[in-house]
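S.K.: Here the protein sequences line up with chains A and B, keeping their order.
Quick note on numbering: the first sequence equals residues 41 to 375 in my numbering.
Quick note on numbering: the second sequence equals residues 41 to 375 in my numbering.
Calculated from the structure, these hints are not laboratory results.
Check each hint, because a few of them may be wrong.
No distinction is drawn between identical chains; accordingly, a pair holds when it is met within one copy or between any pair of copies.
Said to hold, decoys possible - Mimicking EDC-like on lysine to aspartate or glutamate, the simulated pairs with C-alpha atoms at most 16 Å apart in a straight line are: (1) 243 <-> 349; (2) 329 <-> 184; (3) 197 <-> 349; (4) 273 <-> 45; (5) 197 <-> 216.
Model, not experiment: these values are computed from the prediction.
Each chain is listed here by its residues.
2 protein chains.
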Amino acid sequence: MNREDQLVERTVRTIPSASSQLRSRGVSIGIGDDAAVLAPTGRTEWVLSCDAFLEGVHFLANSHPPDSVGYKSLARATSDLVAMGAKPRYFLLALALPASRTGAWLDSFLRGMARAGRFLGMRLIGGDTTNSSWISISITVLGEIARGRALTRCGAKPGDIIYVSGKLGRAQLGLDLVLNRLTRSPEFQNLLRPHLYPKIRVKLGEWLAQNRIASAMMDISDGLSTDLGRLCKASRVGARIEARNLPCVTIPSNTAQALRKLKLDPLQMALHGGDDYELLFTVPPRCVKRLRRAPGFSELSAIGRITRDRKILLLGSDGSSITLAARGWDSFREK
Amino acid sequence: MNREDQLVERTVRTIPSASSQLRSRGVSIGIGDDAAVLAPTGRTEWVLSCDAFLEGVHFLANSHPPDSVGYKSLARATSDLVAMGAKPRYFLLALALPASRTGAWLDSFLRGMARAGRFLGMRLIGGDTTNSSWISISITVLGEIARGRALTRCGAKPGDIIYVSGKLGRAQLGLDLVLNRLTRSPEFQNLLRPHLYPKIRVKLGEWLAQNRIASAMMDISDGLSTDLGRLCKASRVGARIEARNLPCVTIPSNTAQALRKLKLDPLQMALHGGDDYELLFTVPPRCVKRLRRAPGFSELSAIGRITRDRKILLLGSDGSSITLAARGWDSFREK
């Protein structure tokens with residue numbers, strides 16, 4: 041058999057898939073033909089996005105564990121569906137890798153992706169495998185949502201309260217540990233996790249859309265300062281956020297000494313650190329009470345308000361006020 | 041503005057797109073948010089596929105014109121929809137490229153892709169742009185088809201007649217010209233075209249599915265010997281094809297002298313050359329008469345028959361018969 045075809049068979053054996061053998065609701069033809077065929081019900085809409093995860097840009101093949109590369113590539117792509125309030129359903133995987141990575145590396149990669157697939161409720165329905173000098177992973181994700189319920193970036197109104205889920209800057213901290221080769225010590229394992237295996241807030245996203253609680257939503261993939269700027273631009277509004285309300289990373293006391301040389305600044309990490317995949321959303325004041333029933337409500341933080349004035353202001357704990365520049369992740373920024 | 045966002049705006053200005061400004065039938069939310077949202081009608085099914093097109097693997101950034109890279113990356117991805125009999129509709133583009141390619145190279149690339157988009161009837165609905173050391177293009181395509189009409193690889197039956205569209209090996213000839221730096225002479229321009237700007241048989245594919253003429257279909261992307269093997273395996277059948285019926289490339293007399301050093305063998309090129317994106321399909325004898333009404337019927341060739349015996353035999357003009365091994369494109373094959 042063609043070696044590309046063999047790799048596809050191995051992939052389908054490991055990752056939750058919809059093939060002619062393993063039919064899934066809504067899938068007429070799964071992986072294995074020229075294309076997959078889906079039979080929509082007509083009651084829901086399809087949400088679609090694609091995301092590249094590249095060696096040397098998004099991960100380092102010799103520093104990041106392969107199962108994390110598999111897990112994270114699917115998780116971060118799926119985050120775009122969750123950011124619309126959709127229910128994750130299917131994905132396509134275009135995988136390019138050197139022949140030297142088709143052994144143990146690929147096995148571990150596929151196991152990580154399979155774990156993410158089970159956690160997120162995603163099934164593989166198609167893909168493409170190619171030999172190349174560098175690892176390149178491109179994932180297309182499909183979700184479902186009730187008609188008209190998708191949460192976009194453009195519905196925020198002046199007066200709406202701005203929320204984020206979880207803590208911000210945790211993925212940046214994990215990345216700093218990897219780049220400084222501080223990955224071996226057991227006390228760092230919990231700090232590494234958000235960077236290697238990001239948590240995707242599937243239930244929260246769906247709940248916010250289903251219950252029409254949020255006026256706008258997106259995920260924070262490039263950092264709060266960049267992504268809040270995008271949300272405000274799309275909604276033609278501004279924002280005022282308060283530094284003391286930002287959910288910053290807490291450095292555990294048993295690691296503080298070892299981390300001193302990294303000169304970590306939790307506020308800067310929360311403002312500009314990328315890769316957290318937490319949800320950023322706005323809630324009209326009349327809906328705030330109902331928000332208390334949200335899954336994981338205790339992990340939400342109200343960080344500020346949407347304003348009519350189209351600037352993004354950061355209010356310091358000392359009463360200062362500065363315009364917040366977009367300083368999150370931009371792969372094309374000149375260094 | 042973030043430079044990634046600027047590139048997305050440039051892309052949307054050049055390529056036929058569905059954005060909030062440019063609404064398209066069936067698109068609730070187009071390019072510009074976390075994900076696109078499609079509203080299916082419930083009467084049709086969606087056909088989906090993805091395809092990577094990588095520098096150094098599928099094209100050479102310094103030998104292939106950028107508008108060909110843009111054209112071909114979309115055309116070859118769309119070919120998988122056409123191979124199911126679907127009507128091409130939308131695509132997502134995940135583009136990674138070095139900053140040095142974001143000027144004239146990108147402009148030309150986008151123009152080529154826009155031309156393919158108009159020709160194929162495809163609109164861009166989303167994507168992802170990243171800086172990387174190598175150009176990596178990943179395209180997800182979506183088409184529509186009436187329920188239950190998708191043509192798979194697995195419906196061929198013994199006795200069915202095997203057809204291919206167009207001529208086979210033309211893309212291989214074009215590639216040989218590029219690799220041997222024979223791209224400048226005017227007399228080679230027509231020979232280069234099928235490699236640089238492959239023709240996709242959109243109307244033929246749709247017609248065959250709509251009229252239930254074909255029992256199985258796929259596109260020839262990796263070469264007839266490999267792809268016919270896949271079709272036969274999926275259908276659990278074999279095939280007997282006749283060398284004299286294969287639509288081979290004809291070398292024009294004004295170029296024959298110059299091409300002698302390439303030692304071209306049209307039969308081998310037709311059997312194993314990849315990248316033609318012609319359609320390979322099987323037709324039950326009772327449907328052969330109706331096939332005459334197919335768009336582009338005069339360019340179809342009956343090359344053999346499906347057999348019960350699960351081998352693929354090639355009958356030579358001299359009466360010889362050999363088992364045809366899959367010797368088409370396999371990026372992982374050891375050289």
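S.K.: Up to 16 Å between alpha-carbons, please classify residue 243 paired with residue 349: within, between, both or neither.
M.R.: Classified as neither: same-chain Cα gap 33 Å, cross-chain 53 Å, threshold 16 Å.
S.K.: Indicate which option fits the pair residue 197, residue 216 if close means a Cα-Cα distance not exceeding 16 Å: within, between, both or neither.
M.R.: neither (36 Å within a copy, 59 Å between copies)
S.K.: Check residue 273 against residue 45 for me: Cα-Cα at most 16 Å, and say if that holds within a copy, between copies, both or neither.
M.R.: Answer is between: at 12 Å across copies they meet the 16 Å cutoff, but 45 Å inside does not.
S.K.: Give the relationship of residue 197 and residue 349 under a CA distance limit of 16 Å: within one copy only, between copies only, both, or neither.
M.R.: Answer is within: at 11 Å inside a copy they meet the 16 Å cutoff, but 69 Å across does not.
S.K.: As a check of your reading, is residue 329 near residue 184 (CA-CA no more than 16 Å) within one copy, between copies, both or neither?
M.R.: Neither, since 27 Å and 43 Å both go past 16 Å.
When held up to the earlier numbered hints, the structure conflicts with 1, 2 and 5 and fits the remainder.
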